[in-house]
Amino acid sequence: MRRTLARVAGIFLFALTLLPAHAQGVGESEVSAQTVEQRARALTGKHQWQSLADLLRPVEPRSANLEFLYGTALAHLDRWDEAERAFASGRGKAPADERFPVELAGVAFHFKHYPRAARLLRSALRLDPHDGYANEFLATVYYLEGNLPAALKYWNRVGKPQVADIRQDPPLQVDQALLDRAFVFAPQSQMRLRDYLDTRTRLDGLGIFPQFKVELPARDDGRFDAVLRAQELNGLGNSPWPVAAALAVGLPFQSVRMDAYNLCEKAINFTAFYRWDAQKRRIEAHLSLPLKQHADLRWNFGLELRGENWEVRDSFTGPAPLLGSLNLRREAVRFDLISHASDRLQWSAGGELSHRDFRSVVAGPALTTQLLADGYELKQIARVESVFWRVPERRFSLSGSASSQAARLWSRSPETFEKLSGSLGWNWLPLSQSFDYAMKQTLNAGKTWGTIPFDELTMLGLERDNGLPMRGHIGTRDGKKGSAPLGRDYLLSNWEMDKKLYSNGIVSLQIGPFIDMGTISDSNAVLGSHKWLCDVGGQTKFRVFGRGIAFSYGKDLRTGNNAFYVSILSRAAALE
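Quick note, the sequence shown lines up with residues 507 to 1082 if you use our numbering.
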């Protein structure tokens, strides 16, 4: 027992003798680390980068602050790979320090890896949203990528950019006072993202710029010029080629379109369409002009004459019994006041007076007495559109619209009805710099109350006068309309992706898949789809001078029917 106590006492006394020496070693280590950091900061202040790198290279392990100083020295010595490793090591030691993702972004920027630089800077701003340097740096990255909306978002946080002057290159023929009213921002002021987007909306609303872009070339004084670079439509076209392209697109479909733009240099536009197809004749004309020289408000006056043969069937191919047939004659005049004042909210309000009559009727189970009500109809129309959410740095936007049509029909007995419809859609450009890929989806819904005539029914299918496509269902058979599902209430989803194969500013070619899903119902049990429909397939879009056609192949997954179709594309979108 005594021996055990003696041993314990000896070990305790030995430990006491070692403590001062150990404490002295710790103190010397702390003093040494403090001395190295002080010397490193002094060299940093003197910009002696080589001496700083030589000082910190042998230090192991380095603290987060020393890693930052070491990486800074290596970056100034153009030793970028080593600098990246030092900053990455420091970020691992201090993940909440926003300096490291900023400096790593600087390395990526040096190698022109702009998407990686943007990701790192967004990470830094999540740690400190008010970092002025990081905000301006990120704006510069997006500016160099050509994503001006994203650049403006982050420049605006630091009070930039300042616009010195607004000009056009090349000069445009449209009335200068009218064009000036389209610009929401002014010279000698800051360009805000909201003003830029509103300006784009107004320029697009003029209807005379098939392609345009607002650029911000930098000046030597740190400010920018706002330069509008646009293709301007004047008269029938600036050359015979756009007219030839419009004729070439329409003639195979027994139709011709003739448009005249920017008449009297006042953004007055006239469009006319004529189709002489014996089964579905149509004449349509529209006159659009500014309201009292306002760039954000326009009148639109329209005329439409239709003479169409319909055969209502439940399929465009194979055995499909006739459910009813008729010849529709319809005449309509319409006016609208349209506002393009804001990117966030656009609206229109107007009315339509129409007359219809039905001839050569074979009633069948589909055509009830109520659907065959002819006579005059007066309709009030209102529509609103809005961009709900926009993420410029992701090149993503979410938008929607809603419309109301309230009408009264004077037939054998006066009838009234109300149609409400809405849409919600998103657009996404997945790549940070190019337009090579584009993806979008649109959800459409509609509901009808009251008694409507036959020509107010909705169709889900491919037909050149129809705006609700199911690309595995063709709306005509033997040239006559009526072979796609018809009804009053509908839900429809259209998803598609386009891959640009070629573009030179005049000719463009895109290809991609699509998925359509929808259903339509009606109080008449013979009409409607009776179940959800799903079509899948692919399409190719070909454009010349903004006019073009789409070749599509769709497969109806319920019936197995294959649908090959050629449709006329609307004019290419004008916005960037």
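Keep in mind that the hints were calculated from the coordinates and are not lab data. Any given hint could be a false lead.
[Unchecked claim] Derived SDA-like pairs (lysine to any residue); straight-line CA-CA distance at most 20 Å:
| no. | residue 1 | residue 2 |
| --- | --- | --- |
| 1 | Lys772 | Glu810 |
| 2 | Lys885 | Gly857 |
| 3 | Lys719 | Gln939 |
| 4 | Lys946 | Phe894 |
| 5 | Lys599 | Glu651 |
| 6 | Lys618 | Glu651 |
| 7 | Lys719 | Leu753 |
| 8 | Lys798 | Phe779 |
| 9 | Lys1061 | Lys885 |
| 10 | Lys885 | Glu810 |
| 11 | Lys798 | Val749 |
| 12 | Lys946 | Gly1043 |
| 13 | Lys666 | Glu651 |
| 14 | Lys798 | Met764 |
| 15 | Lys618 | Trp586 |
| 16 | Lys986 | Ile844 |
Results for each hint:
About 25 Å separates the Cα atoms of Lys772 and Glu810, which puts this hinted pair outside 20 Å; it is violated. Our distance criterion of 20 Å between C-alpha atoms is met by Lys885 and Gly857, whose separation comes to about 5 Å. At most 20 Å may separate the alpha-carbon atoms for a hinted pair to count; Lys719 and Gln939 meet this at roughly 15 Å. Distance restraint check for Lys946 and Phe894: the Cα-Cα separation of roughly 15 Å lies within the 20 Å cut-off, and the hinted pair is therefore satisfied.
Of the pairs offered as hints, the one joining Lys599 and Glu651 is violated, with about 32 Å between alpha carbons and a cut-off of 20 Å exceeded. Pair hint Lys618 plus Glu651 holds up; C-alpha atoms about 10 Å apart against a cutoff of 20 Å. Using a Cα cut-off of 20 Å, the hinted pair Lys719 and Leu753 is violated, with the two alpha carbons roughly 27 Å apart. The suggested pairing of Lys798 with Phe779 is violated, with an alpha-carbon distance near 27 Å, which exceeds 20 Å.
Distance restraint check for Lys1061 and Lys885: the Cα-Cα separation of roughly 37 Å exceeds the 20 Å cut-off, and the hinted pair is therefore not satisfied. About 15 Å separates the Cα atoms of Lys885 and Glu810, which keeps this hinted pair within 20 Å; it holds. The straight-line distance between the Cα atoms of Lys798 and Val749 is roughly 30 Å, outside the 20 Å bound, and the hint therefore fails. Proposed proximity of Lys946 and Gly1043 is supported: the alpha carbons are some 15 Å apart, at most 20 Å.
Straight-line distance between C-alpha atoms of Lys666 and Glu651 comes to about 18 Å, which keeps the hinted pair within the 20 Å bound. A threshold of 20 Å between alpha carbons decides the hint, and for Lys798 with Met764 the separation of about 26 Å lies outside it, so the pair is violated. Between Lys618 and Trp586 the CA atoms are separated by roughly 13 Å; this keeps the pair inside 20 Å, and the hint holds. For the hint pairing Lys986 with Ile844, the CA-to-CA distance comes to about 34 Å; that exceeds 20 Å, so the pair is violated.
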